[in-house]
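With our numbering applied, the sequence shown corresponds to residues 1 to 297, in that order.
Calculated directly from the structure, the hints in this document are not laboratory data. If you're wondering where the values come from, they're calculated on a predicted model, not measured in any experiment. Every residue gets a Cβ at the ideal spot worked out from N, C-alpha and C, and that includes glycine. Incorrect hints may have been included.
Simulated restraints on C-beta separations [to be verified]:
hint, residue 1, residue 2, range
1, L210, V46, 41 to 49 angstroms
2, G175, Q206, 40 to 48 angstroms
3, R52, P138, 28 to 36 angstroms
4, Q86, V220, 19 to 27 angstroms
5, G175, L133, 19 to 27 angstroms
6, P47, R174, 20 to 28 angstroms
7, R52, D262, 26 to 34 angstroms
8, L271, A51, 24 to 32 angstroms
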Amino acid sequence: MRATVLIGALALLWGSGFFWIALSLDGFTPVQLTFIRLALGALVLVPIVLARRLPRPRGPTMWAHLTASALIANAIPYSLFAVAEQSVPSSLAGVINATTPLWTVLIAATARADTRLTPRRGLGVALGFLGVLVLFEPWNATRGAELGGVLACVTAALSYGVAYVYQSRYLTNRGLSPLTLTAAQLCMATVLLALVLPVGGGISAQPAPLALVAVVVLGVIGTGVALIINFTLIATEGPTAASVVTYLVPAVALALGILILDETAHWTLPLGAALILVGVALVRRSAGQQGTASADQ
1 MRATVLIGAL ALLWGSGFFW IALSLDGFTP VQLTFIRLAL GALVLVPIVL ARRLPRPRGP
61 TMWAHLTASA LIANAIPYSL FAVAEQSVPS SLAGVINATT PLWTVLIAAT ARADTRLTPR
121 RGLGVALGFL GVLVLFEPWN ATRGAELGGV LACVTAALSY GVAYVYQSRY LTNRGLSPLT
181 LTAAQLCMAT VLLALVLPVG GGISAQPAPL ALVAVVVLGV IGTGVALIIN FTLIATEGPT
241 AASVVTYLVP AVALALGILI LDETAHWTLP LGAALILVGV ALVRRSAGQQ GTASADQ
């Protein structure tokens, strides 16, 4: 029951993130809302790290890796999804986000990060990207206006994939808790967004009341609280249980976008989502089997 509640809560928070981004764009620029989101998320996590007296990052090398990770895991993808949702529905952005595990496998295999592109994984990656193609409907000329937004979503998912491989190589198993690493990343990502804020809308904004509420929810709950739930789920139930969220996030994004934001639901949307999730399932199943074999050896 505990695992079910945590999985459901995390899927709701992460899946609704695309919904809150869509609402936040009514008065905030993509850079502004991303900056606020990161700053609020850091304000949630940093006090917990300090209160628990967790070991903190030390040395210029560690902080350099944290800065690089903040760029590719937070600053770039968060900003790109905000840019994308200026032209594509939140439901479509949420579904494309699910391709992150496919990018992670491809990048890990290319970087030879203890991952091989087996036939099963190759099939999963191919199905996943076929799903993205179906989502975009290249045969439909009216979808051309969304090309930039779709590419921004795909690039954001790619950035997440690069981040997972980078973090595995340079940040994990360094004596620091994931909570500390994430809090430090959010701080560095906030600094990075602050540097580009002058050309991304500055500090002046006239958001609608609902947009103001949305960006606060996105930062405090959708980023800070969601990450705490994720850490709790991994610590108490293991990474396998936590990975179930991958399959639920697109469903939440689809439901909120279609039912509340009244986004158009083309028949290609559920079909593309199904292809992506089947591809992810094949990739994850292959990874699990390889992990078991390695452990047995």
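Okay, the hints, checked on the actual structure:
no.: 1; hint: L210 to V46: 41 to 49 angstroms; verdict: violated (28 angstroms)
no.: 2; hint: G175 to Q206: 40 to 48 angstroms; verdict: holds (46 angstroms)
no.: 3; hint: R52 to P138: 28 to 36 angstroms; verdict: violated (50 angstroms)
no.: 4; hint: Q86 to V220: 19 to 27 angstroms; verdict: holds (23 angstroms)
no.: 5; hint: G175 to L133: 19 to 27 angstroms; verdict: violated (43 angstroms)
no.: 6; hint: P47 to R174: 20 to 28 angstroms; verdict: holds (23 angstroms)
no.: 7; hint: R52 to D262: 26 to 34 angstroms; verdict: violated (43 angstroms)
no.: 8; hint: L271 to A51: 24 to 32 angstroms; verdict: violated (47 angstroms)
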